[in-house]
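Student: For the record, the sequence lines run as chains A and B. Read in order, the letters of the first sequence correspond to residues 5 to 77 in my numbering. Read in order, the letters of the second sequence correspond to residues -7 to 286 in my numbering.
Don't read these hints as lab results, they were simulated from the structure. Treat the hints with caution; some may be incorrect.
[As the list claims (entries may be wrong)] Below are the SDA-like pairs computed for lysine to any residue, each with C-alpha atoms no more than 25 angstroms apart in a straight line:
no.: 1; chain 1: B; residue 1: Lys21; chain 2: B; residue 2: Glu37
no.: 2; chain 1: B; residue 1: Lys21; chain 2: A; residue 2: Leu55
no.: 3; chain 1: B; residue 1: Lys21; chain 2: B; residue 2: Ser39
no.: 4; chain 1: B; residue 1: Lys21; chain 2: A; residue 2: Gly53
no.: 5; chain 1: B; residue 1: Lys21; chain 2: B; residue 2: Gly38
no.: 6; chain 1: B; residue 1: Lys21; chain 2: A; residue 2: Asp50
no.: 7; chain 1: B; residue 1: Lys21; chain 2: A; residue 2: Asp31
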Amino acid sequence: MKAAATFILTTGFLLSFNLFAQPETIDLSTRGPQVGETLPEFSLPDQNGELWTQDSILGENGTMLVFLRSADW
Amino acid sequence: MELQRDVEALREAGINLVTISYDSQEAIKRFSDAFGISFTMLSDEGSVVIERFNLLNPVPQWGMEFGVDDPEMAETFRTYVSVTQPNPLFVGISFPGTFILDTSGVVQERHFEDFYIERNTIASVLLRQGEDLDLIEAMQVTTPQFNLTTYTSNTALAFGNRFALMFDIEPLEDMHVYAPGADNYQVVSLNLDPNPYIQEMAMDYPEPVDYYFEPFDETVPVYLQPFSLIQELVFDGDPSTQQALRGQESITLTGSLEYQACSSTFCYPPASIPLFWTMELRDLVFRRPMTEEQ
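Throw the hints in and build the complete structure from the sequences for me.
Tutor: This is the structure we're talking about:
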């Protein structure tokens, strides 16, 4: 009986730990603007302090917008 | 830095290259100066815009809150953040995504990599965009039915790179090459020999045309005009792969192009062309500038 209770407690603990440990599954297909959509508005400074927006970044034949994890590490 | 190396090709194609990261403007300035960066690097300190794009990576925060003792959590952390331990430094990073925009800012393509150091090389994106890159050594093969030119999007590979094998095929006069959907024929396809460090993506086929083949009174999808096939591949970024290939200077992929082609009156049997591609190996594309280790 004691063993059974321990088992239930342990299982319950593991289950709850799993639930807490990973709150959601990562699905990159739902992340970021989709094909056919336009970008959200933004205004951000570049390395020289110049401000850029979703419109001013656009090149003559298009733009390659790359989200980096970090440039610093 | 790889992006910088290829930025001229993009510029000549009239394509702006812009990066966004959560680094402070000072950090980006330091990086930009250290590596001679000429493209636009935007600072989203505080990750407000990254969050607005729904690209904020929540896993670093999970790692801080829950630790990585749980195997599933450890795997998630390793996949989406780092092989190192949780660190407040990681909180606020974006998922590494690349968006190709047209001149109006509409998203034309999106590329995401699950593993954190897999990323598209600019060369492979340009190839997908149909830009010619005059920098790759190509292998040329002539068969009775067509001329084939094949080359890689990158002459050098870094661990985690996404790259492409390119096949330009020019059918000779009156020849057609069988396309996906031609069930009774050998559809043109790549048979890449297995390589433990290379992951194959789906082959990118252009739209075929319907062709009426009189001898058999049938209509089949074929390529009659010059066409290109793009096989995207991912070079494994796992630390164990980096360890296994330590000291190796190049990697060679081997395989064959399988196909069947016919004229309006005569049908050749299925055939196979053995091929190989060699790329140099180089270090990771991103290094920390001005750290003690260097």
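Student: Give a verdict on every hint.
Tutor: So, going through the hints one by one against the coordinates:
1. B:Lys21 with B:Glu37: The hint holds at about 13 angstroms.
2. B:Lys21 with A:Leu55: holds, 14 angstroms
3. B:Lys21 with B:Ser39: holds, 17 angstroms
4. B:Lys21 with A:Gly53: OK: Lys21 (chain B) and Gly53 (chain A) at ~9 angstroms, within 25 angstroms.
5. B:Lys21 with B:Gly38: holds, 17 angstroms
6. B:Lys21 with A:Asp50: holds, 8 angstroms
7. B:Lys21 with A:Asp31: Not satisfied, since the Cα-Cα distance of roughly 32 angstroms exceeds 25 angstroms.
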